[in-house]
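2 protein chains.
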Amino acid sequence: MSDLPKRVHFHEEGPREGFQIERETFPLAQRAALVNALSETGLEEIQVASFVSPKAVPQMADAEALFEAVKRKPGVRYDSVWLNERGFERARACPGVHVTGRIALYASDAFALRNNNCTAAEMRSRVNGWLDRYAEVGVPMERALVMAAFGCNFEGEVPPARAITELVWADRACRERGFTLPRVYLADTMGWANPQSVRRLVGMLREALPEAEVGLHLHDTRGLGAANVLAALEMGVSHFDSSVAGLGGCPFAGHGEAKGAGNICTEDMVFLCHEMGIETGIDLDALVEAARLAESIIGRTLSGRLMHAGTLAHYRDRQATARSS
Amino acid sequence: MSDLPKRVHFHEEGPREGFQIERETFPLAQRAALVNALSETGLEEIQVASFVSPKAVPQMADAEALFEAVKRKPGVRYDSVWLNERGFERARACPGVHVTGRIALYASDAFALRNNNCTAAEMRSRVNGWLDRYAEVGVPMERALVMAAFGCNFEGEVPPARAITELVWADRACRERGFTLPRVYLADTMGWANPQSVRRLVGMLREALPEAEVGLHLHDTRGLGAANVLAALEMGVSHFDSSVAGLGGCPFAGHGEAKGAGNICTEDMVFLCHEMGIETGIDLDALVEAARLAESIIGRTLSGRLMHAGTLAHYRDRQATARSS
Chain A
1 MSDLPKRVHF HEEGPREGFQ IERETFPLAQ RAALVNALSE TGLEEIQVAS FVSPKAVPQM
61 ADAEALFEAV KRKPGVRYDS VWLNERGFER ARACPGVHVT GRIALYASDA FALRNNNCTA
121 AEMRSRVNGW LDRYAEVGVP MERALVMAAF GCNFEGEVPP ARAITELVWA DRACRERGFT
181 LPRVYLADTM GWANPQSVRR LVGMLREALP EAEVGLHLHD TRGLGAANVL AALEMGVSHF
241 DSSVAGLGGC PFAGHGEAKG AGNICTEDMV FLCHEMGIET GIDLDALVEA ARLAESIIGR
301 TLSGRLMHAG TLAHYRDRQA TARSS
Chain H
1 MSDLPKRVHF HEEGPREGFQ IERETFPLAQ RAALVNALSE TGLEEIQVAS FVSPKAVPQM
61 ADAEALFEAV KRKPGVRYDS VWLNERGFER ARACPGVHVT GRIALYASDA FALRNNNCTA
121 AEMRSRVNGW LDRYAEVGVP MERALVMAAF GCNFEGEVPP ARAITELVWA DRACRERGFT
181 LPRVYLADTM GWANPQSVRR LVGMLREALP EAEVGLHLHD TRGLGAANVL AALEMGVSHF
241 DSSVAGLGGC PFAGHGEAKG AGNICTEDMV FLCHEMGIET GIDLDALVEA ARLAESIIGR
301 TLSGRLMHAG TLAHYRDRQA TARSS
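Protein chains in written order, with this note's numbering: chain A, 1 to 325; chain H, 1 to 325.
Where hints are given, some of them may not hold.
Because identical chains share one entry, a pair is satisfied inside a single copy or across any pair of copies.
With a cut-off of at most 25 Å between alpha-carbon atoms, the simulated SDA-like pairs for lysine to any residue come out as follows [claimed, not checked]: (1) LYS6 - ARG200; (2) LYS6 - GLN196; (3) LYS55 - PRO74; (4) LYS6 - ARG199; (5) LYS6 - GLU157; (6) LYS73 - LEU284; (7) LYS71 - ALA56.
Think of the hints as simulated: they come from the structure by calculation, not from any bench.
Next comes chain A alone, as it looks inside the complex:
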């Protein structure tokens, strides 16, 4: 366990993931209240909304109003998702949005075709367009992410080299424009990762891009989320995307439907880190309260475990008090 990172950073995607997947649109005040609660937990990055077509995603039509309603906490970065120039312009024009350069690539052609109606190679040329655009407006690069890095429901097993190749390409494309690419993410978009494949890909990525920080975007689709995070922590991985309360989980218990299975649960994974002596800068009890708020807003039991069982803090406090008295 000697490679454990001293500190782990969680990129909170719950508000965007969670409210985007639901059929109903929740009151803006409730969505703002969740972001405000998350702002008080010590989280450094919170993904608030998507700037996408109101026709395609009516739940996110009021992204600007939501950002305006959020009480912004100094030191917290509030970010967003965009998929086209119109969305990028909305994000840049919206006060309070932390706009950084993000690019996404595909390790699976079948998934790229299904999700973006293009091949993985065609996605690269689209990414070239984004890199030029970011250079043009002076937006600093933050991350490149490769989807379906561990496997694909539409293609099957994906050779590890595929994800590495895409991220090495992204790194070179950034360098050609005088950027550095600080972080590279492996995304287990459809829940194919296991502790061994996590170790293998993280190891290969470190060898290929020794200067970049490695991050993971994991879903708990098949119950291996916590095991995959442990394997990554033991490889020294210190950046994870996650969702408070497990927000983003599919609201329909449709069997055989990996679609919409949630990100790993932020507070459960923060608990894992803290129990192993790894710092996160997060107030776990405050985060559990935010998770309970998320559950009360959504109105059904969400997949996070810790928020239902409670943390161990008060048991330990009671024990300490008993000993000292």
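Fit chain H to the known structure of chain A by using the hints.
Just chain H now, with coordinates in the frame of chain A:
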């Protein structure tokens, strides 16, 4: 990962755990159907019911009738739980019940008092009585388990030595009667374990009792179940108690209520083993079907993940077919 076991054994506790925790009593035919489905998965041990007071646990009042209704598969051991002489006699008298010597001890006095109205030391003397009884009737010893081995909601942190001391005592008590104690179990009764404490206790237990096989009884109370299983697998642990579909989880999303949080989910952990190349002897697709049957009987979404997402088998098959054609 060199210490991974070649084969892992799962002791299925879902039928007993799951139907015992529910307020309603489910039709005997449905409970028998679940056991019958589990019998066809390759599981070697299935805990069918408890022989306990019908007043205290009306859901288990018809344990004998349930055993009679079960279609017993050769090679599968169908076991049960008893807490007193009356229950033990019922189990011994009931056709089809695999009766072996099991003893339970406490690493926490506070939990022993709460759960058994006795101290951990008093529990030992009760256990002496059971060992004499097992010797008297010639029931072979199978396992000793120590509850609250990793921590306790009523006592707080529990020093690792406490659990080890209890199991070393149990081993000696067995030897004094000419028994050997084949398996010793650490139970994380209230969800305090983390990967580091799992490694620590398993290591200490191996040193203390090098001849016994180590087993784990883990609950996924706070979301670390899969991570704790991974840590145990990397220590070579090859015996786990678990529940199909995560049966046994608390049906009420009561915050701060660790009570009733489910065992680790059998099919999710079998999936973990198989993805890491560890044999279980289990047909995962058949087990997922059994999990879906369990969920349909209980009538609400259960915590198992794999049964909702589906296994990876058909994606791989489709890929193999595409390649060969």
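Outcome of the hint check:
1. Taking the shortest alpha-carbon separations for LYS6 and ARG200, both the intra-copy value of 22 Å and the inter-copy value of 20 Å come in at or below 25 Å.
2. In this assembly of identical chains, LYS6 and GLN196 lie within 25 Å of each other by CA distance both inside one copy and across copies; the values are 22 Å within and 15 Å between.
3. Proximity of LYS55 to PRO74 under the C-alpha cut-off of 25 Å is found in neither arrangement, the shortest distances being 33 Å within a copy and 59 Å between copies.
4. Both within a single protomer and between protomers do LYS6 and ARG199 lie at most 25 Å apart by alpha-carbon distance, with minima of 19 Å and 20 Å respectively.
5. Taking the closest pair of Cα atoms, LYS6 and GLU157 come within 25 Å of each other only across two copies (23 Å); inside a single copy the shortest separation is 33 Å, beyond that limit.
6. In this homomeric assembly, LYS73 and LEU284 come within 25 Å of each other (Cα to Cα) only inside a single copy, at 18 Å, whereas the closest approach across copies is 48 Å.
7. In this assembly of identical chains, the alpha carbons of LYS71 and ALA56 never lie at most 25 Å apart, being 27 Å within a copy and 52 Å across copies at closest.
In this structure, the earlier hints numbered 3 and 7 are contradicted, and the remaining ones agree with it.
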